[in-house]
Each structure stands twice: as structure tokens, then as C-alpha cells.
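Enquirer: What follows is the residue order along each chain.
4 protein chains.
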Amino acid sequence: MQPETRRVEGFSDAVFAIAITLLILEIKVPTQGQDSLVDLLLRQWPSYLAFITSFAYIGILWINHHRMFSRIRKCNDVLLGLNLLLLLGVTVVPFPTAVVAEHLHGPDRRMAAILYNATFVFISLAFQALWRYAVSRGLLEEDVGLSAKRVSRQIMVVPFLYLGCVVLAWFNVHGSMLVNLGLTLYHACPPRLVSERISSSRDSRPAA
Amino acid sequence: MQPETRRVEGFSDAVFAIAITLLILEIKVPTQGQDSLVDLLLRQWPSYLAFITSFAYIGILWINHHRMFSRIRKCNDVLLGLNLLLLLGVTVVPFPTAVVAEHLHGPDRRMAAILYNATFVFISLAFQALWRYAVSRGLLEEDVGLSAKRVSRQIMVVPFLYLGCVVLAWFNVHGSMLVNLGLTLYHACPPRLVSERISSSRDSRPAA
Amino acid sequence: MQPETRRVEGFSDAVFAIAITLLILEIKVPTQGQDSLVDLLLRQWPSYLAFITSFAYIGILWINHHRMFSRIRKCNDVLLGLNLLLLLGVTVVPFPTAVVAEHLHGPDRRMAAILYNATFVFISLAFQALWRYAVSRGLLEEDVGLSAKRVSRQIMVVPFLYLGCVVLAWFNVHGSMLVNLGLTLYHACPPRLVSERISSSRDSRPAA
Amino acid sequence: MQPETRRVEGFSDAVFAIAITLLILEIKVPTQGQDSLVDLLLRQWPSYLAFITSFAYIGILWINHHRMFSRIRKCNDVLLGLNLLLLLGVTVVPFPTAVVAEHLHGPDRRMAAILYNATFVFISLAFQALWRYAVSRGLLEEDVGLSAKRVSRQIMVVPFLYLGCVVLAWFNVHGSMLVNLGLTLYHACPPRLVSERISSSRDSRPAA
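Note that the protein sequences, when read in sequence, are chains A, B, C and D.
Take numbering that gives the first Met the number 0: the final residue in the first sequence is number 207, and no numbers are missing along the way.
Take numbering that gives the first Met the number 0: the final residue in the second sequence is number 207, and no numbers are missing along the way.
Take numbering that gives the first Met the number 0: the final residue in the third sequence is number 207, and no numbers are missing along the way.
Take numbering that gives the first Met the number 0: the final residue in the fourth sequence is number 207, and no numbers are missing along the way.
Think of the hints as simulated: they come from the structure by calculation, not from any bench.
Honestly, I wouldn't trust all of these hints.
Remember, identical chains collapse to one label, so a pair may be satisfied in a single copy or spanning two.
When the alpha-carbon atoms are kept at most 25 Å apart in a straight line, the in silico SDA-like pairs for lysine to any residue are as follows [said to hold, decoys possible]:
(1) K27 with I51
(2) K27 with F121
(3) K27 with V120
(4) K73 with Y185
(5) K73 with E140
(6) K27 with L84
(7) K27 with G105
(8) K73 with L184
(9) K73 with H104
(10) K73 with T4
(11) K148 with R66
(12) K73 with S35
(13) K148 with H104
(14) K27 with S146
(15) K73 with R131
(16) K27 with D76
(17) K148 with M67
(18) K73 with L139
(19) K148 with F159
(20) K73 with N171
(21) K148 with G105
(22) K148 with L177
(23) K27 with V134
(24) K73 with A128
(25) K27 with P106
(26) K73 with V28
(27) K148 with L138
Could you build the full structure based on these sequences and the hints that come with them?
Expert: The following block contains the structure:
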């Protein structure tokens, strides 16, 4: 592994790890009041939904980022810049998560859900830009040529799917949140299947 | 060491490290008031108890996670997913810790202690799932076969022990917190003894 | 790569990663009120401007720090101390960022912008001290001798540029923030061009 | 380097890095009020003093921790436990730092300064326990035998020095804070001189 790639991965891992861990800070600890703690905790369910959705999203994005970089052999300044754009999206996630947690009950829930889903459109666009740049500049390992195209086709759809969530949020707030969570969990799969085919063709090589 | 495993460990280490360090943010700094600082600090003892218990738990869990991954040779997507489930539990810890710190004085202390102990049931189940999966799919080093079964037997008890704490919390809140802390400190031992036997049989090999 | 340098990089990377991720915590989540969420979110634009500027600054500083250390072969205590001084500047960034976010609307905006820009003067001085020390003590790789002088000349100007922002803040607060952001984005370039020349002369060597 | 030691260092580095970066969160951003921002910022000087002192302490402790572990060749469970005890001290630092920042003006400044200095007594005891254990169990590299004793003698004094600060805090609060900062900066030196002698004898060996 190139030292160059190694340190980019280390920095990215740390940013992913911090963003995923900071999410918990947005869940408020109910103070003693007139209602029982159980009631207070249950009333906070939008916080838990938003937390789980964002946690799953960042976690699975990390797996895919990890997978992508394990295919990247060379690194240049534009790639670093695009990676920074992706990390910008990742570090922002705790903010819309907190906005949804705060407003999913209230009159502004529609706007909160739109903001939340729009964040994921941005991130999936940045992810795509990163992958496409790496492919087009030949920064990948040489033997992933064919599979790379298949991955490109697959991840091309993702921003449109989250854009669909943005539109859905206008009509059905809770529906958009659930579809978003479903998309994220589904994401754990398709690129995985493809990359497994990649890695099986890879494992047939002598050694990594 | 496989680069694949290396980066999973790096990401997990960062999540553990952040979760363990964020715990301190939940301890409130007393502002100047009518009471003396000493009184205010002493009155916060539930915060310190919860902090120490959670710190010890995450720290010792890290040691065991570290130990487990030092035996894992291969990595696949399900393992990554299960590891993410474990990390979900770890990042959540600051929340029940803060709930206990806030409510161990108050009328809702029973519910706070149940929530706290239940978190550890979840984490120990996730830890077990991770280990069992790695064993059943042959992702471990080959020479830990026999010891692996012994470890499996040992960690099978752990969720039941913390479940005992959940039940105990219903009858005796402070008792459940102390038993929890005791369990954690005890945890530092049994898997250690086993793994030392593993590592001693390991050290007899030429080189790592 | 020397293990010594490796661990300094790892520690620095973590500090950069945490500082860049903590920035988001300074953006306040609007609570439900009389105004609509959209209005409340839009009214917070100074927070977003400050967030983006600081994110870009820390991100690009990380790239340059990364680049600098990839040229450093030896490490000593003074270098560690100077690196710590640079990291002091980096960890401080969330504070002036929050000050600007809070006061860019208010009567104290001039002072907030001066504080913000002054932080970057400090950091660029620390960066320069680090580089100059490494050059003067021969801690660099041997084949970057000529290029090193060019880099030294280039980064000598940087503190003066941010000092210009400090002065500009006295006359035009918003102007100074925009020039600051412009400078940061421009920074992504010039040292890059130089270092690309370095790395191209480097790539012509057999292997890293 | 052993992979075992490598991951302990990685985890420790992350904890140090997070603790040192979280310090800035304790500095409050003055909100708009009757007084000017400059007045409000200047009135917070105890926050800055506490921040700088704690930053320098954690930073220099990291350098020394780093230096210590670069001499440690083997790792066992007790060492991991003692290291965890040291990290407990490190993660706690933001709390007494915030207490000092809050109370250095007020009537409880004496107690705040005692708490602050006592934290450093605890940490230096944990550091010493770690080092002594590593020496006594032969976990160090073999060629540091003589120098190890010298280091042991030197760091034996440290807890007493910070204990002196605790006592001094009873009589002179500000004095104890300044002596504490002085001690920390001085710490950057003596172990350094020794370890330089170690590393010079080390550099004379063929290769690391």
C-alpha cells in the first residue's frame, strides 16, 4: 500500500469515526420534571430514528469508502480535494440529524426532512465525483477495469434515489425518513455484491 | 497483518477512543452559587460513578476487541456489519451514562439504571455475535481452534450477567450499578486468562 | 517511513480530524419558535460561512501538513514542539469560528473578524517555523534541496496575506472574511504546483 | 515494531488527540451583551490560562508517552491496564480545566486550583507506574537498561512536584497555576535530554 493513500485513509477514518460518535451528543438527556423518565425518553423517538439512520448511513458509507480506497493505487491533489468534499458532507451530518430530531414533531417537520435528505444527495454526489475521477484518471488498480464500469453504473443512481426522498418529504415526512433508512440499509448490499465479484477475481491472484 | 483488518481496527480504535473521551463532557462543571464548590462537586458523585463504570467498560471492551481482532485473519462484509453493530453500542454509551448521572438521585433512578445496564446487554450480544460469526466462518487464525471454543463458552455467559444487572436494578438501583462495575473489572480477567494461554501457545511459534 | 515520523503524523492527523469535525458542533440547531425553520436557518448564514471557511482552511492545511511531512525523514524534539504549536493553532480554530458565527451580525463584528483572521496569522507562522526548522536542520529528504528553497519563499508570504485580512477586517468585515476564504482556496494551489514538481522529480526515482 | 504495541499506541494517540482537542470546547463564546466583545474576551483570561496549561501538559505528556512506548518491545495485559489508568487521567483533564476556568475568579478558586493540580499528581503517578512496570518486567528494549534507571530516578520526582502545586494552591492560587505551567514546560526538557542520550546510543546501531 502506498504511504500516500495510507495517510488519506487514516485521516478519513478518523473523520468518519468522530462524526459517527458525535451523533450521540445530539440526543438530549431528559432532566427531572413532572413527567416520568420513560415518557420523556419515549417522546424523543425522532431523535433515536434520526440517530440510527445517520449512524447506519455514515457506517455503511465508511465501508464503501474503505472498499473504494482499497482499489485506488495512486493519489493526487484533485483526489484529495474531492475526498475533502466528501468529508465535508460527512462532518455536516450531525447538524441535519439534530434538526430532524428537534423538528420532526413540530410544524416545520417538512423542511427538516427535506434538509436531512438533501444532505445525502450532496454526499452521494461527492462520493460519485470521487469514484469517477479515480476511474477516469486511471488511479485504480489495473485489474478492476471492467468491474469499475459496473460500479460506476450502480452508484450513478444513488443521488437520484435520495433526491426522490427529498421530493417524498414534501408529501410525507415520516415516509421519506423510512425510505431513507431503507435505502441506506439496501446500500450495504448492491455495491457489496459487485465488489465481492471484484474481490473474488482478486483473491485468485497470488497475494495482495 | 492484512490491510483489510488493519483499517477496520483503526476505525474501531478511533470510535472506542472518541466514545471513551466524550464521557467526560457529560460531567457538568458546577457554576458559582450559594453552595461551596466542594459541596457541589461531592453532590455529583453519581456522575463520577457512571463515568468510571463506563470508562472501565469501554476501555476493557477495547482490550478484548483488540484481542479478538488479533486472532482474526480474514474479513468480510458481514463481519464489518456486525462490527458496526458493536460500535453502535459503544457510541451509545455516553447517553445512558448521562441519564444515570442525571437521575441516580431522583425518582426515576430505577428506570435510569435499567436503561444503563440494558445497554451493556446489547453490547455483549453484539460482541458475541461478532465472535461467533468469525469462528463459524473460519475467519480466525488456524491454530486457535480449541481455545476459540473455550472463549465462546466463556463469553456466552456475559449477556446473562448484565441481564441480571437489569433485573437487580428493579430491586436495588445502587446495587445494580456496583455489580455492573464489578462485572466489568472481572471481565478484564477471564478472557484474559484464556487468551494468555492462546498467546503462550502462539509465542512458541517462530514469529508473528 | 520512520516509525517516529509515522506516529507524529498519526497524532497530528487525529487532531486535524477532530478539529475539523468539531466545527459542526458550533452551528446551533434552531428550536421551534415563532419564525419558520427556513427563516431561522437562513438567518444563521454567518455560521455557515465561518464553518465552510474554517473547514476548507483546516482541510487544506492538513493536505499541506501531510505533504510537508512526506518530505521529512528525521524527527527530533524541537520539531515535535513546533508541531505541537501548530496543532495548538488548529485546535483553537473552532473558538474564533464560533465567535464569528455569533457576532458577524452584531455590533462587535469588527473585533470578531480581527480575532478570526489573527488565528490564521498565528497558524501560518507556526507552519512556517516548522518548515524552516526542518530545512535548516537537514531533516528533509536529500533530493528536495532546491525545491525546498522555493517552498520556503512561497510560504514566507502567507502570514503577511492573513495579516492583510486582519487589517482589512478593520475597514470591511465581510470583505475580510471573503478574502480569507479566497486565500485558503488559493492555498490549495501554489504549494501544490511546487510540490508536484518535487514529486515528479521524485517519481522518476525507482521506488519510494 | 510489534503489531500489539502498534495498536495500543494508535488507541492512546487517539485518546490524547481527542482530549487535547476537546479542551477548546470548554472556552465559552461570549454572546452579545452590554459589554464589548473585547471586554468579554479579556475577562475570560482564566479560561485561556487553563487551556494553554492543559494543552501544553497533554501535548508534552503525549511526547513522553510516545518516547516511552518507542522503548517498549513487549506488551501484556497489566501494561494495557496501567495504560488505561493513564488514559483515564488524560480524558479527565478537560473537567478540572473547565472548573478552573469557571472558578478562578470566584470565591472557590482555591478548591478549583487544588483539584486541577491534583489531577496532574494522579496522572504522573499512573505514568510512573506504567514505566516502572515495563522496566521491572523486562518489557523494554534490551539496550536501554542503564538509561532506564536514570529515567526512573527522574520521573520519581514528578508526582511530588505536582503535589507541591497542590499545597501551594492553598496559599497562592495563581502562583500554583503558574508553577504548574512552568513544570509542564520544564518537563519537555529533562526526560528529553536523557532520552536523547538513549537515542544517540541507539542511532549508532545499524538500523531501527
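Enquirer: Quick one: which hint numbers does this structure break? Sort them smallest to largest.
Expert: 9, 12, 13, 14, 16, 20, 21, 22, 23 and 26
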